[in-house]
Amino acid sequence: MANMRTMSFDAVIVGGGGSGMRAALQLAQSGYKTAVITKVFPTRSHTVSAQGGITCAIASDDPNDQWQWHMYDTIKGSDYIGDQEAIEYMCKTGPEAVFELEHMGLPFSRNDNGRIYQRPFGGQSKDFGEGGQAARTCAAADRTGHALLHTLYQGNLKNETVFLNEWFAVDLVKNADNAVVGVIAINIETGETVYVKSKATVFATGGAGRIYASTTNAHICTGDGIGMSMRAGFPVQDMEMWQFHPTGIHGAGTLVTEGCRGEGGYLVNKDGERFMERYAPNAKDLAGRDVVARSMVQEILAGRGCGENGDHVFLKLDHLGEETLNAKLPGILELSRTFAHADPVVEPIPVVPTCHYMMGGIPTNVDGQALTLDDAGNEQVVEGFYACGEAACVSVHGANRLGGNSLLDLVVFGRASGLFIEKQLREGVDLKDATEDDINRAMQVLNRINQSQEGEKASVLRAELQTIMQNHFGVFRRGDFMKEGIEKLKALRPRIENVQLSDTSNAFNTARIEALELQNLLEVAEATAVAAEWRTESRGAHAREDFQERDDENWLCHSIYLPESQTVAKRDVNFTPKTREAFEPKVRTY
Amino acid sequence: MLEVSIYRYNPEVDSEPYMQVFSYDTQGKDVMVLDVLEKLKAEDPTLVFRRSCREGVCGSDGVNISGKNGLACITPLSEVVKNNKLVIRPLPGLPVIRDLVIDMTQFYAQYEKIQPYLINNTPAPAIERLQSPEDRAKLDGLYECILCACCSTACPSFWWNPDKFIGPSGLLQAYRFLADSRDRGTEDRLANLDDPFSVFRCHGIMNCVQVCPKGLNPTKAIGHIRSMLLSSAT
Amino acid sequence: MVKSVTSLGRSGLSDWLLQRVSALIMSAYLLFMVGFFVLNPSPSYEQWSGLHSSLAMRIFSLLTILSIAAHAWIGIWCVLTDYITVRLIGPKATPIRMFLQLAMIAVILFYVVWTLDILWGFN
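Line order of the protein sequences matches chains X, V and S. Last residue of the first sequence: number 590 in my numbering, and the count goes up by one each step with no gaps. Last residue of the second sequence: number 234 in my numbering, and the count goes up by one each step with no gaps. Last residue of the third sequence: number 123 in my numbering, and the count goes up by one each step with no gaps.
For reference, chain X alone in the conformation it holds in the complex (with noise of 0.2 Å):
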């Protein structure tokens, strides 16, 4: 590729939702020629269905709020595999964050008082698990990732930040010193491929929802930098976590907001009863993501579930009155008459846990800085490689994420990345020019598709993938078939490394991009499997029937998935906070 043209920058975002946006914000703020690559157009991206809001100890509701209950609560939530050096920084730099995106125009719900209008959310305390149900989430009615999103962008705009709007990063390019110099993307408009040189990239591609046939994720999350980094080598953790929602409208998949339960809805079977008192006596339907949904899957194999097959439940809102469901949960109002057919001021929704949140990712510092192992185990820091959001595991979710952290996670990251990328930029960064050969290597992949007339469709190879997942990986997880489902993966990878390219036009060729995401969708799907059959033991969202405790001796640890031995390692958690003790391992219940 002699001919392909370079674009220079002093950092490339990939990705353009709440942590790329935010993190490229800080950079532009500070002049520094930053650029965005987005394969939607900003506003587009997956962060605008976030619904609940942003949990944060901005002490609005409650005057005496402290970011140390949130953070007793998150460690809690992650059951104890979260970093707790992490999860502080994200508690204690959260309101300033979120202050910020206020300052910024955010159009968050108020109080009375005029401040910030929070609700509860699950898996909130007050001093520390002692104090009763907190109410943390701050909100802006049920579109609080649309308005945070929006307000991003808008930033971004008066900040003048370069945004390379529909562009897909194909892989990235490494230097001869294993550094990260940049990415090969294409123009999805044009189909021009060119190298996008930058001293700091950073993956902030979010999730990959799209590996589960059922999920609340957009089509666009197939886990594209979680892809590209496994394609360089790079590791990737905790990848058996994945976040079931509680709430996902059966048979849609659309999300119903944690909010709605926060609010004073529940959870019903079909005999009306209220199960959630049942496994969880203290939170009830506020208890952990992930107790909620395992409890709702266990009514569903009781027999109590919903419906002519009795594959769902019911979340009854009714009992709040058609006024307060309009003004706080507008949204929820139109998607349940759109997708279920069913109004919530009169009759109940029909949910069903739902693929929702990759916990896992690409492993980061505090930083942003992206992690890997060298030769002997040791921890490293890959130069020029960033992440943030979803796509970064860096990790303040651990097993299980709490409602109303992911906002958090992506603006307090991105944020963090950003601020260190430029003091990185200050200080003068110097890495070795990609050679010829460095780029060829990135562009193997996407040459490899250009050529590929025969094997088979993208959309059926992705149909099947998906059905694999969902069917052995599941809210519930067993080793036999966890083993079966790896091996069907493996079967299914040659097939699409194969998948057929049939449209080969320049101009908005979608079916090429679709085909480059589902090599991104079998490295994600791959990971997630072999880390979930290896952990055997059952922690937060990684429930094993045949290892059904957790076992904090064997398993205190993250997954380090190797992809280049296909291999799992373990990596010490983070219990190190800096501003206090660190919270012990305890028997978690709600």
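Honestly, the hints are just simulated from the structure, not real lab data. Positions of the beta carbon are idealized from the N, C-alpha and C atoms, including for glycine. Among the hints, erroneous ones may be present.
[What the hints assert, rightly or not] Here are the in silico distance ranges between beta carbons for each label pair:
1. Glu308(X) x Ala42(V): 22 to 30 Å
2. Tyr18(V) x Val107(S): 39 to 47 Å
3. Tyr18(V) x Gly31(X): 44 to 52 Å
4. Gln380(X) x Gln20(V): 47 to 55 Å
5. Val112(S) x His224(V): 31 to 39 Å
6. Ser8(X) x Leu130(V): 40 to 48 Å
7. Ala42(V) x Gly131(X): 48 to 56 Å
8. Val79(S) x Gln20(V): 32 to 40 Å
Given the structure of chain X, go ahead and fit chains V and S onto it with the hints provided.
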């Protein structure tokens, strides 16, 4: 079998656009228009359209469905199929890149023109800026815009002057900031709108209100802008 | 802000206001005339010329023709800048639009002068 007629144009192959007829088996189900498009794309990967969230919040899949602009993902067949026929075209008024994908540059340029960000240079407090629930309520019906362009591309005034008339979507956003009690840019914003084109090309046709998939009312917002211009001039 | 030298007023707002005020004047005139003809279904020459000889009526008529002039000009200018544009019909649009605008001005001026002549008479 449902007869689905779709606008096709690939600049590298076709000298001019044409309508291609597909047949789609509904199996008696009332699915969304996007589901139909996805199914057809699975069979013919060359069919091109934008989509992302598939739940009506990202604004990617605005298309013209049997003559009316809307989001494919939240438009059920039962609302748009007539005589067993479904016609899908790109949003009108902007250049077509390929099939159902339009070039939205002019639409975004108008959005950028209205300074779509809070202007407030007073030093920010250590916490959030306070805002009463009443003041916040003034933003309802405005901030929810998803920039899908269904409204602006249904507006004849925008068809004729997409480079000069801001269009319903941009004006709704202009008013979103004018109405924000935290914003201090009112004077500047109004000065930028007080020409014969930006706002005043709106002739109250109200196609925007009719098509908005989020149920928003740009015409009303434009009316508010006019009132503000009027009261600032007198 | 879009600048345009050929709009009548200082701004879009003044055009818009002028359009509304002129419409009110025209409507009032029309209503007045309808009323007059209802009360006098077949007016004599004396009634008709008597009506138009009062100064108040002449000023009312003058205001109305000026309203028609302004209203027509703004309306036609809008239509021309909608349809006769470089975007729609290419570079020849500008000279065509200029010509049509000048023609429109000529017609409007002609009617205004003619009305003045009728009302006050120059000879």
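Cross-check of the supplied hints:
At roughly 28 Å, the beta-carbon separation of Glu308(X) and Ala42(V) lies within the given 22 to 30 Å, and the hint holds. For Tyr18(V) and Val107(S), the hinted distance range of 39 to 47 Å is satisfied, since their beta carbons lie about 45 Å from each other. The hint said 44 to 52 Å for the Cβ distance between Tyr18(V) and Gly31(X), and at roughly 49 Å that hint holds. At about 54 Å, the beta-carbon gap between Gln380(X) and Gln20(V) stays in the expected band of 47 to 55 Å.
At about 36 Å, the CB distance of Val112(S) to His224(V) agrees with the hint of 31 to 39 Å. Distance hint for Ser8(X) and Leu130(V): a CB-CB separation of about 44 Å, consistent with the stated range 40 to 48 Å. Evaluation of the 48 to 56 Å hint for Ala42(V) and Gly131(X) yields a pass: the beta carbon distance comes to about 53 Å. The beta-carbon spacing between Val79(S) and Gln20(V), approximately 37 Å, falls within the hinted interval of 32 to 40 Å.
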